[in-house]
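Chains A and B, in that order, give the protein sequences.
Note that numbering that gives the first Met the number 0 has the first sequence beginning at 0, numbered continuously upward.
Note that numbering that gives the first Met the number 0 has the second sequence beginning at 0, numbered continuously upward.
Watch out, some of these pointers could steer you wrong.
[Said to hold, decoys possible] Which residues of chain A face chain B? A few of them, derived with a C-beta cut under 7 Å, are:
| hint | residue |
| --- | --- |
| 1 | E260 |
| 2 | S339 |
| 3 | H393 |
[Claimed, not checked] Computed Cβ-Cβ distance ranges for the label pairs, DEER-style:
| hint | chain 1 | residue 1 | chain 2 | residue 2 | range |
| --- | --- | --- | --- | --- | --- |
| 4 | B | T73 | A | N362 | 28 to 36 Å |
| 5 | A | E382 | B | T73 | 16 to 24 Å |
| 6 | A | P33 | B | G13 | 47 to 55 Å |
| 7 | A | E148 | B | P95 | 42 to 50 Å |
| 8 | A | N362 | B | A111 | 34 to 42 Å |
| 9 | A | T340 | B | A111 | 43 to 51 Å |
[Unchecked claim] Calculated lysine-lysine pairs in the DSS-like style (CA-CA distance at most 25 Å, straight line):
| hint | chain 1 | residue 1 | chain 2 | residue 2 |
| --- | --- | --- | --- | --- |
| 10 | A | K263 | B | K127 |
| 11 | B | K42 | A | K263 |
| 12 | A | K351 | B | K45 |
| 13 | A | K151 | B | K127 |
| 14 | B | K128 | A | K263 |
| 15 | A | K351 | B | K21 |
Hints are computed from structural coordinates only; laboratory data are not their basis.
Positions of the beta carbon are idealized from the N, C-alpha and C atoms, including for glycine.
This is what each chain is made of:
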Amino acid sequence: MQVCPTQAIRIRQGKAFLLAEHCVDCGRCEKVCPHHAIVPHSAAFADLEKFKYLVAVPSAALFGQFPRQYSPEEIQQALTRIGFHEAADIAQACEWVSWAIREYIQDFSGPRPLISSFCPVVVRLIQLQYPSLIDQVIPIKGPELVAVEILKQARSISSRRPSASFDAIYITPCPAMVPRPAETGESASRSIAGAVSIRDLYNPLLAFLSQQPDAYRWPMPTMGKGLRWARPGGSGMALREHPWICVSGLSETMAVLEDIESGKLRDTEYAECWSCRGGCINGTFTVENYYLAYHKIVLLEQRILNLPHLNVDQLRKYFQQGFFTLDQRPRPGLPRGGESTLMEALARRRQKEQALAALPMINCCICGAPNCQCLAEDISRGEAKLTDCVFYSHEKLEELRRIYGLSNGIPPN
Amino acid sequence: MENPPGRRDEPAAGPLLEQSYKIEGGNFIAAGNAATRLKDLLKEIKIPADVIRRAAICSFEAEMNVVMYAHRGTITLEVYPAEVVLRVDDEGQGIPDIVTAMQEGYSTATEAMREYGFGAGMGLPNMKKNSDRFEIHSVIGQGTHLRISISLK
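Take these sequences, add in the hints, and give me the full structure.
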């Protein structure tokens, strides 16, 4: 409960309960739960059989997960042997998106800095807690969506399979990239049919890779420096002379967003923000030690020094056609308890102040809220009462003893 | 803080909410704290995002000016049904020539202040730009008073 950076968890009647309006899908709670009782949604690998033609869209983070002798190209090939019909070139999509970011920043005339939209946790955080920054979020598709667009384009050009449809499955480093079942209509990633975690594919991929005789070693690297997106600083790689910053970690990101709101960073052009400290290679669904994975990504992005240049004229044409533009701009999230008038909000604040004045402020959490502030907030919303605080009610202690099955003593932590 | 009952129809009643924050002159480490707390309060009472954005910029600039040029000061938030008002009162050197000080790029910041990244001469013009009504009074050797109003439409 206390690990939640947005105070979204409450314990009621001995069970954890989530305030959906506060949750940003960061996955911190899942990482620390000692009973592994928090299970994020992601399609099991076996569920994928229902799709006809499967295209794997791997996160760049996937390529840092395996022992160093396995190249990204071999991992791509392995994907096509464990059930996918094709694997998209995420490195190319990453490079394109980096180019599009630069283009968007150069054209944009509003307040700075612009904020990256590629970590869904960060976007949700801004929607819920920093709605005044919503127009600074770059409405450009992430590499996984652009990879799908590239595939679609290739199919429409190819005369052999003009209308061949496919289902794109994202191979995700974190639960936040999985479309929420309840939001299928709203989700920005509708062109992605589903998501499987890196963790679920790790064993089958490794089994296939290790069976390969050395003669099968991939001759030429085809995936370029776009793989840098797996680590912090990847998305801004095209920015060169523009001043920009990169921040990773949710509390670090929140501190930067506060500063952006105050106008402190207005001379910065771009802020790349990631919820996980260390970027996507440190996502909840990754397997490899973070530092090793980071090192491998650094080696991989340096493999090809002379990359074929991006076809800028072509990209600019795509850009103007809306190829990179998100179908839906992020919008401010609904506040907890729905919209309220200024008068209602002020009345609630008065109630909260009253409750706060009465609470002990030692943040013991026994009431089931992560601190006294949150309990006061819950009281002002009518979702809790002052007697939930053990300092006010002996009955609360009795209730806890009953729930946790204790005959005496204090409840466990 | 509350409207007394029975006086609802009378105009010019007190603010619905009033909250003051102290600012310490010369303390660049704590600079920005008052503006951040003020902003958090505005978020808590669900003021529209655009108003928060403008109020956050104004209060931060105002706080920086107090930190840079005054001995001490307060920033007071007043919320009315139709507007949000920031009042900034400081005890300090005052502004000799307000017309010049309101020009973009004009700054009397010292080298030391600029090393902290402040003093670009954008403070007052930026506050004016982000407010609907901006009043400034200054007495040399005593201090400066700002009243920044942002309309809630």
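Checked hints:
no. : hint                         : verdict
1   : E260                         : holds (5 Å)
2   : S339                         : holds (6 Å)
3   : H393                         : violated (32 Å)
4   : T73/B to N362/A: 28 to 36 Å  : holds (29 Å)
5   : E382/A to T73/B: 16 to 24 Å  : violated (35 Å)
6   : P33/A to G13/B: 47 to 55 Å   : holds (52 Å)
7   : E148/A to P95/B: 42 to 50 Å  : violated (60 Å)
8   : N362/A to A111/B: 34 to 42 Å : holds (39 Å)
9   : T340/A to A111/B: 43 to 51 Å : holds (47 Å)
10  : K263/A to K127/B             : holds (17 Å)
11  : K42/B to K263/A              : holds (19 Å)
12  : K351/A to K45/B              : holds (14 Å)
13  : K151/A to K127/B             : violated (50 Å)
14  : K128/B to K263/A             : holds (16 Å)
15  : K351/A to K21/B              : holds (23 Å)
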